[in-house]
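Asker: Sequence:
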Amino acid sequence: MAASGIDTRSIQDVRTLAEYSQPLLDFMKELPPDEKVVLVGHSLGGMCLAIAMEKFPEKIALAVFLTAFMPDTVNPPSHVLNEFFDRASPAAWLDTVFTTQDSPSEPRTLLFGPEFMKQKLYQNSPKEDLELASMLIRPGSLFTGDLIADKKFTAEAYGSVKQVFVVCGEDLTLPAEVQHWMIENFGAITDIMDIPKADHMSMMSKPEEVVKCLLEAAGKYT
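Mind the numbering: the sequence shown is residues 1 to 222 in the UniProt record's numbering, read in order.
Just so you know, the hints here were simulated from the structure itself, not pulled from any lab data.
Hints may be right or wrong, so weigh each one.
Simulated crosslink set (DSS-like; lysine-lysine; CA at most 30 angstroms straight-line) [unchecked claim]:
{"no.": "1", "residue 1": "K59", "residue 2": "K152"}
{"no.": "2", "residue 1": "K152", "residue 2": "K162"}
{"no.": "3", "residue 1": "K55", "residue 2": "K212"}
{"no.": "4", "residue 1": "K220", "residue 2": "K152"}
{"no.": "5", "residue 1": "K162", "residue 2": "K36"}
{"no.": "6", "residue 1": "K152", "residue 2": "K55"}
{"no.": "7", "residue 1": "K212", "residue 2": "K127"}
{"no.": "8", "residue 1": "K162", "residue 2": "K29"}
{"no.": "9", "residue 1": "K151", "residue 2": "K162"}
{"no.": "10", "residue 1": "K162", "residue 2": "K59"}
{"no.": "11", "residue 1": "K36", "residue 2": "K151"}
{"no.": "12", "residue 1": "K29", "residue 2": "K220"}
{"no.": "13", "residue 1": "K152", "residue 2": "K36"}
{"no.": "14", "residue 1": "K212", "residue 2": "K59"}
{"no.": "15", "residue 1": "K162", "residue 2": "K212"}
{"no.": "16", "residue 1": "K212", "residue 2": "K36"}
{"no.": "17", "residue 1": "K59", "residue 2": "K29"}
{"no.": "18", "residue 1": "K59", "residue 2": "K36"}
{"no.": "19", "residue 1": "K59", "residue 2": "K151"}
{"no.": "20", "residue 1": "K220", "residue 2": "K55"}
{"no.": "21", "residue 1": "K36", "residue 2": "K55"}
{"no.": "22", "residue 1": "K212", "residue 2": "K29"}
{"no.": "23", "residue 1": "K55", "residue 2": "K162"}
{"no.": "24", "residue 1": "K220", "residue 2": "K197"}
{"no.": "25", "residue 1": "K212", "residue 2": "K197"}
{"no.": "26", "residue 1": "K118", "residue 2": "K212"}
{"no.": "27", "residue 1": "K197", "residue 2": "K127"}
{"no.": "28", "residue 1": "K118", "residue 2": "K197"}
{"no.": "29", "residue 1": "K220", "residue 2": "K36"}
Turn these sequences into a full structure, and let the hints guide you.
Answerer: Below you can see the structure in the form of structure tokens.
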């Protein structure tokens, strides 16, 4: 995604979730017309997944939401993020740093602190993965201001793609009750899978279980 990984841009230079998702959208655009892919979105990546599903439903055989934000087709895209923030107490963010906006066009940013990462993101993950993540962490954004004004996703495009949600039972960042609320709120999920002991970074804490879920989902629904 933009301002992530090898992309050297600052998050302040990425104004919207669509801009943040542009690398994924570019990839989808270049796919041959006769090819379909299975997409997996984790955490905020679920919103990026939704944008790709809305734009390229015919190219996506299956969308997997791995403890990820999953919007519906009734409310604005910001609805699930607002619910998430409403359910979280300020104290739950520990040493996470939030920035204020200098102008309405700038996204509000957040930077996870070391205690938040240790206690809420990687609490079941190997220590070396936490240490590496702590060295590579960069500011991010949930783009809530941008999403409030965005059009809702449609049942005809986004809602037409098969969707599987993988619930991570010991996720302390996006708790299981919020994950189940999103599933109920969407109301048209294809399947639900569970990894009971996975933390938010499930690909680190329970990699074999994640792979098993992905292979099973792809085998059943593609």
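Asker: Is K220 close enough to K55, meaning Cα to Cα at most 30 angstroms?
Answerer: holds, 24 angstroms
Asker: With the threshold set at 30 angstroms, check whether the alpha-carbon distance from K59 to K152 stays at or below it.
Answerer: Between K59 and K152 the Cα gap is close to 20 angstroms, so the pair holds against 30 angstroms.
Asker: Given the hint that K212 pairs with K197, test it: the Cα-Cα distance must not exceed 30 angstroms.
Answerer: holds, 14 angstroms
Asker: Please work out if K36 and K55 have their alpha carbons no farther apart than 30 angstroms.
Answerer: holds, 14 angstroms
Asker: For the pair supplied as a hint, K162 and K59, confirm whether the alpha-carbon distance does not exceed 30 angstroms.
Answerer: At roughly 12 angstroms apart (the allowed maximum being 30 angstroms), K59 and K162 satisfy the hint.
Asker: Within 30 angstroms, alpha carbon to alpha carbon, are K36 and K151?
Answerer: holds, 26 angstroms
Asker: Starting from K220, check that the Cα of K36 is at most 30 angstroms away, please.
Answerer: holds, 15 angstroms
Asker: CA of K152 to CA of K162, is that 30 angstroms or under?
Answerer: Answer holds: K152 to K162 is near 18 angstroms, not above 30 angstroms.
Asker: Tell me if the straight-line CA distance from K212 to K59 falls inside 30 angstroms.
Answerer: Holds, because 23 angstroms separates the two Cα atoms, which is no more than 30 angstroms.
Asker: For the pair supplied as a hint, K220 and K152, confirm whether the alpha-carbon distance does not exceed 30 angstroms.
Answerer: Holds, at about 29 angstroms.
Asker: Taking 30 angstroms as the top limit, are the C-alpha atoms of K55 and K212 close enough?
Answerer: holds, 28 angstroms
Asker: Has the given pair, K162 with K212, been kept, meaning a C-alpha gap of at most 30 angstroms?
Answerer: Satisfied, since the Cα-Cα distance of roughly 18 angstroms is no more than 30 angstroms.
Comparing the model with each numbered hint stated earlier shows that all of them hold.
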